[in-house]
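Whole structure, please, built from the sequences with the hints as guidance.
Protein chains in written order, with the UniProt record's numbering: chain A, 1 to 344; chain B, 1 to 344.
It is worth saying that the hints were derived from the structure and are not from the lab. Among the hints, erroneous ones may be present.
As the list claims (entries may be wrong) - With a straight-line Cα cutoff of 30 Å, these simulated BS3-like cross-link-like pairs (lysine-lysine) come out:
{"id": "1", "chain 1": "A", "residue 1": "LYS248", "chain 2": "A", "residue 2": "LYS302"}
{"id": "2", "chain 1": "B", "residue 1": "LYS137", "chain 2": "A", "residue 2": "LYS70"}
{"id": "3", "chain 1": "A", "residue 1": "LYS137", "chain 2": "A", "residue 2": "LYS187"}
{"id": "4", "chain 1": "B", "residue 1": "LYS273", "chain 2": "A", "residue 2": "LYS47"}
{"id": "5", "chain 1": "B", "residue 1": "LYS216", "chain 2": "B", "residue 2": "LYS122"}
{"id": "6", "chain 1": "B", "residue 1": "LYS187", "chain 2": "B", "residue 2": "LYS211"}
{"id": "7", "chain 1": "B", "residue 1": "LYS137", "chain 2": "A", "residue 2": "LYS137"}
{"id": "8", "chain 1": "A", "residue 1": "LYS47", "chain 2": "B", "residue 2": "LYS228"}
{"id": "9", "chain 1": "B", "residue 1": "LYS162", "chain 2": "A", "residue 2": "LYS22"}
{"id": "10", "chain 1": "A", "residue 1": "LYS122", "chain 2": "A", "residue 2": "LYS211"}
Quick caveat: nothing in here was measured; it's all calculated off a predicted structure.
There are 2 protein chains.
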Amino acid sequence: MSEQRTEVATLGEFGLIDHLTKNFEIQNASTIVTVGDDAAVIDHFGKQTVITTDLLLEGVHFDLMYTPLKHLGYKSVVVNLSDVYAMNAIPTQITVSIGISNRFSVEALNEFYEGIHFACEKYGVDLIGGDTSASHKGFVISVTAIGEVAPDNFVKRSTAEKGDLICVSGDLGGAFLGLTLLEREKKIWLEHPNVQPDLEDEKYITGRLLKPEARKDIIAFFEQQQIKPTAMMDISDGLSSELLHICKQSNTGCRIYEEKLPIAEDSRKAAFKFGLDPTACALSGGEDYELLFTLKQEAYDKLVLNEEISVIGYITDAEEGTKIITKGGNTFDITAQGWTAFKA
Amino acid sequence: MSEQRTEVATLGEFGLIDHLTKNFEIQNASTIVTVGDDAAVIDHFGKQTVITTDLLLEGVHFDLMYTPLKHLGYKSVVVNLSDVYAMNAIPTQITVSIGISNRFSVEALNEFYEGIHFACEKYGVDLIGGDTSASHKGFVISVTAIGEVAPDNFVKRSTAEKGDLICVSGDLGGAFLGLTLLEREKKIWLEHPNVQPDLEDEKYITGRLLKPEARKDIIAFFEQQQIKPTAMMDISDGLSSELLHICKQSNTGCRIYEEKLPIAEDSRKAAFKFGLDPTACALSGGEDYELLFTLKQEAYDKLVLNEEISVIGYITDAEEGTKIITKGGNTFDITAQGWTAFKA
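Okay, structure coming up:
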């Protein structure tokens, strides 16, 4: 964090936007009019447009005590891009609006926009608009992401069918364990301000929480292999919750296997350290921003080419319910609060 | 306001969204996927897509002491649609995200969404997504509006040219006078809670503030008369401020005439009552959501067909500055805080 402090008021609203967005370069031919007019203009040249939006509020969605502003900017973009990828689409533009109190300096906002810039560059999206406003209390962030998809190539949640394979990308539960760790360290620090936490060994789980990535690579793999999932969504509220959404909206049931759930070794170690069941963390921990999708069984041969994808079960008739088979061979109902059932 | 109070927690996040959006019908063929998936999908079938977003924060942008929630819902949509029209485009979809504290009941949110619904019906736009979230303090509203425009038929701020006529729709200053009145009545009421304000005679100016309209009719008139403005923006921060934006971005100057500024009789009366100069209110009062645009002089014959349009001046070379000629024949520089110069 820079030591200099420039008051936002010295720049004025328009000066502030100009200052914060001056390093952003346009990367997409679809961006016709960008920041600085009443609205932005996009031409997706025959493709369909995908839109998603998220509101992030200080104290509810993030805690500035342990969230670096640069990471927060990055994450604010990534969580929205994740929703675009979850439609089998490619994100192309974002708008970012912020509400800030006078406790934020220009230097602090520079850090936040550096994170946004970094995400824009990495994912190839253009910042095309937004709004900056005073806020009486707390930092308010609203991001809208726009993407494109070939006509009718989008994938909804409601179109899974009996017999489809259920797959997830990456690994699960890490972000929740990162949150558990940081909340614990925060509590310790508040009681003993002289104790500096050493989080070096916990980089994986804190990184999963503070700087998540959206699965651009999985959508690129689908394109390359000509795979189209039958249903898809991103995992922001936990696997159980999302799987129940897909089954409810598709009017199906499901069977998943505990032993197939992808859990990173670092997450497993952290769970045991905190006395938590890694399976429960994988099922109910949110914010991993992995993709959950269903596929026709014929796609299996292509799937195995990608180590980042795990097949965790299959879709059934609705009458068969939504179940998980444990390592011990027991069958449980999947619940959105799967937590309780699996607590170690 | 209904007397019943249902806690938001009884519905849960997804139940709440379902409840609040259940009466919204899709009106546009371009809306392919709507509320209930990771993102919405739009197909503008060869047209270009226009996007704008606004963040509205309680205590900064609105005061719930004198703002009915239904009007607030309506206005939150309208101010964004106004930005779409200001691009010479037709709004087609919106997303609405809200952050609410537990002081809001389901009944209160029903009122807010009734206003949104009313605006959607009136302007023919579809609610296609959004987000509801807890907020520790204050009501947070984020609206994104999406519209469409025939390829390259959009109108920017930066393309006014010397000799163009400067026009505004409707009349100016009313919303600011409505705000002045309501702030004054609020102060009186806080000191003397038994005095009920009678605002019956002030319906015009309070209506301009609390329930503004976007100028859909002007864009329809342009289409019908095959007029394309050379530059355009909506008047949210006051005429002076917006005119300076157009001149700066177009690298021009301007001359406008005080006697040509459109001011409603009700606004004029209210201004005198409050000891304010009506011209200052028209120049510097914000939130009228009228359109400010420039046109080639050849369009003048068509313009006079529309009583809702006033020609207030013309664009000059940048070197001639940005000036207003008063009724008395004096020439002043236009400033974004024109207020001081014209105070009665």
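Going through the earlier hints one by one, which of them does the structure break, listed in rising order? Violated: hint 4 alone.
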